[in-house]
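Colleague: Produce the complete structure using the sequences and hints provided.
Whatever position you read off the sequence shown (first residue = 1), add 426 for our numbering.
Estimated spans, in silico, between C-beta atoms of each pair: (1) ILE495 to GLU440: 57 to 63 Å; (2) VAL482 to ASP449: 50 to 56 Å; (3) LEU445 to SER490: 52 to 58 Å; (4) ARG444 to ARG469: 35 to 41 Å; (5) LYS450 to PRO481: 49 to 55 Å; (6) LEU476 to VAL453: 30 to 36 Å; (7) VAL482 to ASP454: 42 to 48 Å; (8) ASP465 to ARG444: 27 to 33 Å.
Just so you know, these hints were derived from the structure itself, not from any lab.
Positions of the beta carbon are idealized from the N, C-alpha and C atoms, including for glycine.
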Amino acid sequence: MEIVDSRDPDLMLEAIDRLQKADKLNVDRESLKQKQSKDDEDRRLQLLELAQRIPVGELARLASENGIIDSGESSEG
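Modeller: In structure tokens, the structure reads:
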């Protein structure tokens, strides 16, 4: 607001330029986040499609071996 109040055209132009650059950075950052999100979504979809091709028993075995699910066995005696 001090720049606007000063009515200095050079300062006002510089402030406008900096605001435009900051806005472009924000747009670029948001665009990158959206692309990363889409890439993550695409990978999840590919994994789901792959998982659908694996027989249920094999999928359960792999999940159990990798600690993703509990196989139902207890280590208690």
